[in-house]
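Enquirer: Generate the whole structure from the sequences, applying the supplied hints.
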Amino acid sequence: GQQVMQIPQYQHVQEGEDFTTYCNSSTTLSNIQWYKQRPGGHPVFLIQLVKSGEVKKQKRLTFQFGEAKKNSSLHITATQTTDVGTYFCAGLSGSARQLTFGSGTQLTVLP
Amino acid sequence: NAGVMQNPRHLVRRRGQEARLRCSPMKGHSHVYWYRQLPEEGLKFMVYLQKENIIDESGMPKERFSAEFPKEGPSILRIQQVVRGDSAAYFCASSTFQGNTNEKLFFGSGTQLSVL
Chain V
10 GQQVMQIPQY QHVQEGEDFT TYCNSSTTLS NIQWYKQRPG GHPVFLIQLV
60 KSGEVKKQKR LTFQFGEAKK NSSLHITATQ TTDVGTYFCA GLSGSARQLT
110 FGSGTQLTVL P
Chain R
959 NAGVMQNPRH LVRRRGQEAR LRCSPMKGHS HVYWYRQLPE EGLKFMVYLQ
1009 KENIIDESGM PKERFSAEFP KEGPSILRIQ QVVRGDSAAY FCASSTFQGN
1059 TNEKLFFGSG TQLSVL
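In the order they appear, the protein sequences are chains V and R. Just so you know, the first sequence maps onto residues 10 to 120 in the numbering used here. Just so you know, the second sequence maps onto residues 959 to 1074 in the numbering used here.
To be clear, the hints were calculated from the coordinates, so they are not data collected in a lab. Keep in mind that a hint or two might mislead.
[Claimed, not checked] Keeping only pairs whose Cα atoms sit at most 20 Å apart, straight-line, the calculated DMTMM-like set for lysine to aspartate or glutamate is: (1) R:1062 to V:63; (2) V:45 to R:998; (3) V:66 to V:76; (4) V:45 to R:1061; (5) V:60 to R:1061; (6) V:45 to R:999; (7) V:65 to R:1061.
[Said to hold, decoys possible] Coverage of chain V stretches by chain R, computed from C-beta distances (three or more under 8 Å per stretch; other residues unrestricted): (8) 52-62; (9) 109-120.
None of these values were measured; they are calculated from a predicted model. No residue lacks a Cβ here, since even glycine has one placed at the ideal position from N, Cα and C.
Expert: Set out below in structure tokens:
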């Protein structure tokens, strides 16, 4: 079955440092989505990428979808304490009828 | 605009009891997904339903677990004869699924199930 791996599992950064999380799929994805879950909260949709090599930006967040559509990354520039939370990628491939979520990267930002 | 509503927020059950978790999707959404999350772990897919139909239940244990999404009313995730290992956060999400492009999921606040 489809597997989506995400690294690192945990990341601690000083406020102002950059942060990147990586997502890799065992199969080619038709699209990939990113979600953020604050501590004690629920996942909230951030963005969806569909095209090979696509890059999208949301303020300090940059999302990339690999050329082969099997990997993706989320990069945060100059982290802030409000960026704290767990970031999940979720991919859809082949005949799958539902998203497969990565294991998430838990980001801690130290003031 | 009401989002995805889940209740109860917290549910405590003793071993052997039944747990019923409810989820009302966003207005206009006819697709419901249930996910389970253990502390500091990812979201594990359990079941995907449309109104009156189970589309994919490949992530749901065949024993003790069932789900429904009736024509009227909320979706229900039912766990019979709960065991301590069922303790987890259960999230419901809804979407409007159109064509082959998966729409984004809107999650509820989750139900934290604790089995004593």
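Enquirer: Now tell me if each hint is right for this structure.
Expert: Right, here's what the structure says about each hint:
no.: 1; hint: R:1062 to V:63; result: 18 Å, holds
no.: 2; hint: V:45 to R:998; result: 14 Å, holds
no.: 3; hint: V:66 to V:76; result: 17 Å, holds
no.: 4; hint: V:45 to R:1061; result: 16 Å, holds
no.: 5; hint: V:60 to R:1061; result: 15 Å, holds
no.: 6; hint: V:45 to R:999; result: 14 Å, holds
no.: 7; hint: V:65 to R:1061; result: 17 Å, holds
no.: 8; hint: 52-62; result: holds (count 5)
no.: 9; hint: 109-120; result: holds (count 6)
No hint from the list above goes unmet by this structure.
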